[in-house]
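Participant: The whole structure should be built from the sequences, with the hints applied where relevant.
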Amino acid sequence: VDAYEKALEPFTKKKGIDWELQMTNEDPLLWNANGMRVPPFLSEDYMKWKELNRAVDWESPADALKSNQ
Numbered sequence: 001v002d003a004y005e006k007a008l009e010p011f012t013k014k015k016g017i018d019w020e021l022q023m024t025n026e027d028p029l030l031w032n033a034n035g036m037r038v039p040p041f042l043s044e045d046y047m048k049w050k051e052l053n054r055a056v057d058w059e060s061p062a063d064a065l066k067s068n069q
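For the sequence shown, our numbering gives the first residue as 1, with consecutive numbering after it.
FYI, nobody ran anything at the bench for these hints, they're computed from the structure.
Any given hint could be a false lead.
[To be verified] Using 20 Å as the maximum straight-line C-alpha spacing, the simulated EDC-like pairs for lysine to aspartate or glutamate come out as follows:
1) Lys-50 to Glu-26
2) Lys-14 to Asp-2
3) Lys-6 to Glu-20
4) Lys-13 to Glu-26
5) Lys-6 to Asp-18
6) Lys-15 to Glu-5
7) Lys-50 to Asp-27
8) Lys-15 to Glu-26
9) Lys-13 to Asp-27
[Stated by the list, open to error] What follows is a set of in silico ranges between Cβ atoms, one per label pair, in the way DEER data are often shown:
10) Leu-8 to Tyr-46: 24 to 32 Å
11) Thr-12 to Asn-53: 39 to 47 Å
12) Phe-11 to Asn-53: 18 to 26 Å
13) Glu-51 to Ile-17: 30 to 38 Å
14) Gly-16 to Glu-51: 38 to 46 Å
Keep in mind it's a predicted model, so treat the numbers as computed, not measured.
Note that CB positions come from ideal geometry on N, CA and C, so glycine has one too.
Facilitator: Next up, the structure:
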């Protein structure tokens, strides 16, 4: 958080602008990225998202069940 605040300082504090930082630890089942569920933390698909720095198609276990029915 300190590195984030330091990076923003020239654009906020030094200009007298008020700002607020909020971090949450949300359940990944409650959010999507580009309309897709987020892969499980540290999974192969998660690491691919991290490497590419963007959301890319992946098959969640729920998607796999749907396609087999």
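Participant: For each hint, tell me whether it holds in the structure or not.
Facilitator: Here's how the hints hold up against the structure:
A threshold of 20 Å between alpha carbons decides the hint, and for Lys-50 with Glu-26 the separation of about 18 Å falls inside it, so the pair holds. A C-alpha spacing of about 16 Å is found between Lys-14 and Asp-2, which places the hinted pair at or below 20 Å, so the restraint holds. Pair hint Lys-6 plus Glu-20 holds up; C-alpha atoms about 13 Å apart against a cutoff of 20 Å. Of the supplied pair hints, the one linking Lys-13 and Glu-26 is violated, its CA atoms being roughly 28 Å apart against a limit of 20 Å.
The suggested pairing of Lys-6 with Asp-18 holds, with an alpha-carbon distance near 14 Å, which does not exceed 20 Å. For the hint linking Lys-15 to Glu-5, the alpha-carbon distance of about 14 Å falls within 20 Å, and the restraint holds. For the suggested pair Lys-50 and Asp-27, the alpha carbons sit about 18 Å apart, so the restraint of at most 20 Å is met. A distance of roughly 32 Å separates the Cα atoms of Lys-15 and Glu-26; the hinted pair therefore is violated under the 20 Å criterion.
A hinted pair counts as satisfied when its Cα atoms are at most 20 Å apart, and Lys-13 with Asp-27 does not qualify at roughly 32 Å. For Leu-8 and Tyr-46, the hinted distance range of 24 to 32 Å is satisfied, since their beta carbons lie about 27 Å from each other. A C-beta distance of roughly 25 Å is found between Thr-12 and Asn-53, which places it outside the suggested range of 39 to 47 Å. Checking the proposed 18 to 26 Å range against Phe-11 and Asn-53 shows it holds: the Cβ atoms sit about 22 Å from each other.
In this structure, Glu-51 and Ile-17 meet the distance hint of 30 to 38 Å, their C-beta atoms being roughly 34 Å apart. As the Cβ distance of Gly-16 to Glu-51 is approximately 39 Å, the hint placing it in 38 to 46 Å holds.
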